[in-house]
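Using the sequences and the accompanying hints, generate a full structural model.
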Amino acid sequence: MIPAPYDEMRDAAGTVRAPWTGLAGVLDGAGPAGLLARRADTLRLLADDGVAYHPPGAESEQLWELDPLPLVLDGAEWAGLERGVAQRAELLDRLLADLYGPRATITRGLLPVEVVDGHPGYLHGWRRPAGAPPRRELFLSGADLGRSPDGWTVLGDRVQAPSGAGYAMANRRVVARVLSALHRRSRIRRLGPFFEAVRAGLQAGRDDRRIVLLHPGPDSETAYEQALLSSLLGLPLVLGSELTVRDGRLWQHSLGRLDPVDVVLRRLDADWCDPLDLRPDSRLGVPGLLEAARLGTVTVLNGLGAGVAENPGLQPFLPALCRALLDEDLLLPSVPTWWCGDPASLAHVRAHLGELVLTPVAPGRAPVRGADLDPAARAALLARIEAEPHAWAAQREVVLSTAPVVTDAGAEPRAVTLRTFAVASGEGWEVLDGGLGAVPTAGLDDGVATLAKDVWVVGERADRAAPGVQDEVLGAARPTGVSPRVAEDLFWLGRYAERAEDTARLLRAVTDRWADFRTSPEPAGAGALRALLAATSEITRTTPGFAALPADEDPGPELHSLLYDRNRPGALGFAVHRLTRAAQAVREQLSTDTWLVLGRLDTVLQRLAAAPEPDTGDVSEALNRVLEGLLALAGITAESLVRDDGWRLLDAGRRVERAQHVVALLAATLCDAPRGPADRLVVESVTIVAESVITHRRRNAGRPGIAPLLELLLADRDNPRAVAHQLDRLADDLAHLPGAVPASFDAAVARLAGADPAALAVRDTADGTRPALRALLAGLGADLDRLAEDVAAAHFAPRPGPHAYDPLLGAS
Amino acid sequence: MTSTYRVTHRTAYAYSGEVTTSFGRAHLLPRTQPDQRCSEARVAVDPAPDELHEHVDAFGNRSTYFCVRTPHRALTVLAESTVTVDRAVVPPALRGWEEVRDRKDLDARPFALPSPRLPAQPAVADYAAPSFPPGRPLGEAAADLCRRIHDDFAYVTGSTTVRSTVTDLLTGGEGVCQDFAHLAVAALRTRGLPARYVSGYLETRPPPGKPKLRGVDASHAWFSVWTGDGWLDLDPTNDRVVDDSYVVLAHGRDYGDVPPLKGVIFADSARSTMAVAVDLERVAPDAAG
Chain H
1 MIPAPYDEMR DAAGTVRAPW TGLAGVLDGA GPAGLLARRA DTLRLLADDG
51 VAYHPPGAES EQLWELDPLP LVLDGAEWAG LERGVAQRAE LLDRLLADLY
101 GPRATITRGL LPVEVVDGHP GYLHGWRRPA GAPPRRELFL SGADLGRSPD
151 GWTVLGDRVQ APSGAGYAMA NRRVVARVLS ALHRRSRIRR LGPFFEAVRA
201 GLQAGRDDRR IVLLHPGPDS ETAYEQALLS SLLGLPLVLG SELTVRDGRL
251 WQHSLGRLDP VDVVLRRLDA DWCDPLDLRP DSRLGVPGLL EAARLGTVTV
301 LNGLGAGVAE NPGLQPFLPA LCRALLDEDL LLPSVPTWWC GDPASLAHVR
351 AHLGELVLTP VAPGRAPVRG ADLDPAARAA LLARIEAEPH AWAAQREVVL
401 STAPVVTDAG AEPRAVTLRT FAVASGEGWE VLDGGLGAVP TAGLDDGVAT
451 LAKDVWVVGE RADRAAPGVQ DEVLGAARPT GVSPRVAEDL FWLGRYAERA
501 EDTARLLRAV TDRWADFRTS PEPAGAGALR ALLAATSEIT RTTPGFAALP
551 ADEDPGPELH SLLYDRNRPG ALGFAVHRLT RAAQAVREQL STDTWLVLGR
601 LDTVLQRLAA APEPDTGDVS EALNRVLEGL LALAGITAES LVRDDGWRLL
651 DAGRRVERAQ HVVALLAATL CDAPRGPADR LVVESVTIVA ESVITHRRRN
701 AGRPGIAPLL ELLLADRDNP RAVAHQLDRL ADDLAHLPGA VPASFDAAVA
751 RLAGADPAAL AVRDTADGTR PALRALLAGL GADLDRLAED VAAAHFAPRP
801 GPHAYDPLLG AS
Chain E
1 MTSTYRVTHR TAYAYSGEVT TSFGRAHLLP RTQPDQRCSE ARVAVDPAPD
51 ELHEHVDAFG NRSTYFCVRT PHRALTVLAE STVTVDRAVV PPALRGWEEV
101 RDRKDLDARP FALPSPRLPA QPAVADYAAP SFPPGRPLGE AAADLCRRIH
151 DDFAYVTGST TVRSTVTDLL TGGEGVCQDF AHLAVAALRT RGLPARYVSG
201 YLETRPPPGK PKLRGVDASH AWFSVWTGDG WLDLDPTNDR VVDDSYVVLA
251 HGRDYGDVPP LKGVIFADSA RSTMAVAVDL ERVAPDAAG
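Sequence order for the protein chains is H and E.
Per UniProt numbering, the very first residue in the first sequence carries number 1; after that it's consecutive.
Per UniProt numbering, the very first residue in the second sequence carries number 1; after that it's consecutive.
Read the hints as simulated data drawn from the structure, not as lab findings.
Every value quoted in this text rests on a predicted model; they were computed, and no experiment measured them.
You may find that some hints are simply not true.
Below, in silico cross-link-like pairs of lysine to any residue (SDA-like), each with a Cα-Cα straight-line distance of 25 Å or less [said to hold, decoys possible]: (1) 104(E) / 107(H); (2) 262(E) / 156(E); (3) 104(E) / 246(H); (4) 262(E) / 104(E); (5) 262(E) / 246(H); (6) 104(E) / 360(H); (7) 262(E) / 283(H); (8) 104(E) / 112(H); (9) 104(E) / 230(E); (10) 262(E) / 157(E).
The following block contains the structure:
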């Protein structure tokens, strides 16, 4: 008989347990509609914060899924759980130290050698560095727990590179706002001290220790969390390609120099960390990292061989190991487990297959529920197990406790699990006061892709001094040091932000001209619209574009494509999409407000894309919203970022892009032969696109011709839209960056200095074009293209990628 | 019987483009073990490496790490050693193979497990079966397996690569010493018997009356099986018991633990060609110094 699950909120009599009374009040007060509103708030806040998860195999990130209702745990009860979690971390650390040292647990018969050497996480050939000071193999330890009717049980250990502590913080930041009144009223323990303990543990009392967070890249499943951890811990987030081993130690590439690295906190599975000594096909690792670790010049945490402790086959041996290694009884029991390499256990598994979950001990292989199999499939599974018994474990399914979850039908009890975290702190362990709650959907999933829950531990703890920094503001510090990759992403962030802004202004001006022409169709308006549409195709480099349309064809579809097609270079949607991707790649460098802005931009464009036939008014309005967002982003980058090398490159990207835009705008509109009365309207649109209408009118009212406009947009150093102003800013940026100022920059400055607006405005007597202006703009455009290339070559030149070689065995 | 060799193993890579950095890991220096003494050994890399260190790994093998940061289009790794082999004739392994299997001797047990390049496979178990009738003495069973591999498969240079699997050998019917050794190791493990992959050299003897040519020797590989008292080395490529014509470089679970040379290069163009030349020159014992 399956026992009834424990319910976290109500006891067997249906009475609300004491720590849940606050939340139960909220549930009663809100009603189903109120709960759905809370769920909507949660979604919106997650989107505003940009909390994301990238499911394996998916093209892009998706929004993190979070239930608004926390899992509430009583502080007194938590104290016991905390001791158990800390004890387990200590036990696994001692075990790992033994397995990569004397291996006494094996020789003394406490642990079958097959559980160790037969697990893919065991690093054969590796020994702990001799002579180095004693240190930990395990630094950050995770454990997945479930509460069975008999009490808390460990479902599995996460010691390879445990994820989820950052998501726990992201959950808290959202739920604290969704349930703000209750959150303020309840005495909920903060998560911040844990992250401070992580940082202190890495620093180990030595301020000069340089620490990096090694991650698999912005496309990894938990890229959001890695960036969040980077800012919570104030550690640079680095890729393997940004590290190098030389002179027997590890170094980090920064702009123009190498910095020594003492500690690597890795979010990369060990296998991928070193293509020389581990997986040769890894492009994520650092050749020689294992050698540097062996030499003891760098500490990799968790240890590169920690994965063996995730073997579920280890569970039955933990009680005896705990007594042998710690001289204590194991506090937290594991889910009942049989390791099939033991003949008696295998016999048990054979007899009880239908009641057990069969788990391959190797990571990443799906468990099988015996009850789901027909007799033939059971026989086939048993044959597989008997062919390789050491590679299988069998576990009893835990009847998980339930907690309320918001569903379409209101709050419903659902099974929950809890991932806890412990970090080595001095001689002991600091346990996160809370964790990552999860509502498993399919039952046997790993948990990360399921619905998350915040976990509230309620009640003060006796042994902690006054709380430190508030969770909401922890991690406002931006990590120092700009790697070539970050530099490149920031440069493109600046370029795409500016390109999006310029494209939005251009499309808005064209849309307005189109709307005017529709209401009063006059020849001058028609000519100006045609000229502007052709110019738009040229400026956005989407030719032939409008020029290919017959004169009577509706320009609407092409205009809409330029608005929201995220796969079309030149389109606003493309620039916004690339801007978002660049921002995601350097998430840890940016203010969290960035996501508020980027999320709204995407929403506006998607809504426009979804509209059946948006009229010019809708488009104009949407473009206004987009511009609002982009101006806010410009404000954030101008006002909230420290002027370091990274900011310099971001600004340089923006300046290069804006100068190119002005050059392209003038080239596409003012160089051709006269268009008659349409020209006045075209020039007006140019001043609007260049955001210089007011200045132009104020300064040049009554001055005929385009010389004053060229003066204003090319040479006026005080006009923040002028090319000359961009060059001034670039001069400042380049002067602050390492390396010499490129010759292409000096060429652009000289070319512009030699230009005379009056001469540029002169038309050719034969064909009526402006050859001098065209020549100047072509030259400037080329200078600016070259400058962008020179900046790229100087600061983020792609380094040749690694290739593995492994010679044929020339054999006799 | 005692033999002393001067071993020279030169590996030369030529690249189509410039290599900026090259990291290497070599298992090219003979291990020291009871039946073999290495009196002099070094690895030299050209261009001169920025770093080169050696350590003894958990298998007891000598492992060399190097890094070259001088841009280059050719890389040579030269290993030279002087080795004295004193390999007595191994007493026959008379225990029944099931007895050896059931002893579960702790030091040998890990070698009975599948390994990354040798996962458990029913086809290998089927291949092994005829050599292991109940009660057969282990030595006899292992020798039978060795002879069958020698007889059943064709030795064809270049027929396989370092990444070939035992399945490739079983289906293709041809391979090189590495494949034969892998099959033997995997086959023994399907019977629950500990077995190791051994990398080393075999002295080649010129035809009678002809001088020995230089550079004709090569890397070699064979297998080693636990007898309950020690390890018995057999060479399925030549169907021979390993004697003092053999020099052991390193042993491990499979080739992946002991490649003579592997590495990672940083280059825009990674096309490469490789040439290996090995010499085993018999010298007077006192030359060992």
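Against the structure, the hints:
1. 104(E) / 107(H): Holds, because 12 Å separates the two Cα atoms, which is no more than 25 Å.
2. 262(E) / 156(E): It holds: about 23 Å lies between the C-alpha atoms, which stays within 25 Å.
3. 104(E) / 246(H): Given that 25 Å is the threshold and the Cα spacing comes to 44 Å, the pair is violated.
4. 262(E) / 104(E): Given pair residue 262(E), residue 104(E) is violated - Cα atoms ~33 Å apart, limit 25 Å.
5. 262(E) / 246(H): holds (18 Å)
6. 104(E) / 360(H): The hint holds at about 23 Å.
7. 262(E) / 283(H): holds (16 Å)
8. 104(E) / 112(H): holds (11 Å)
9. 104(E) / 230(E): Since the Cα atoms of residue 104(E) and residue 230(E) sit roughly 13 Å apart, the hinted pair holds (cutoff 25 Å).
10. 262(E) / 157(E): Roughly 20 Å between the alpha carbons, so the hint for residue 262(E) and residue 157(E) holds.
Going through the hint list in order, the structure does not satisfy hints 3 and 4.
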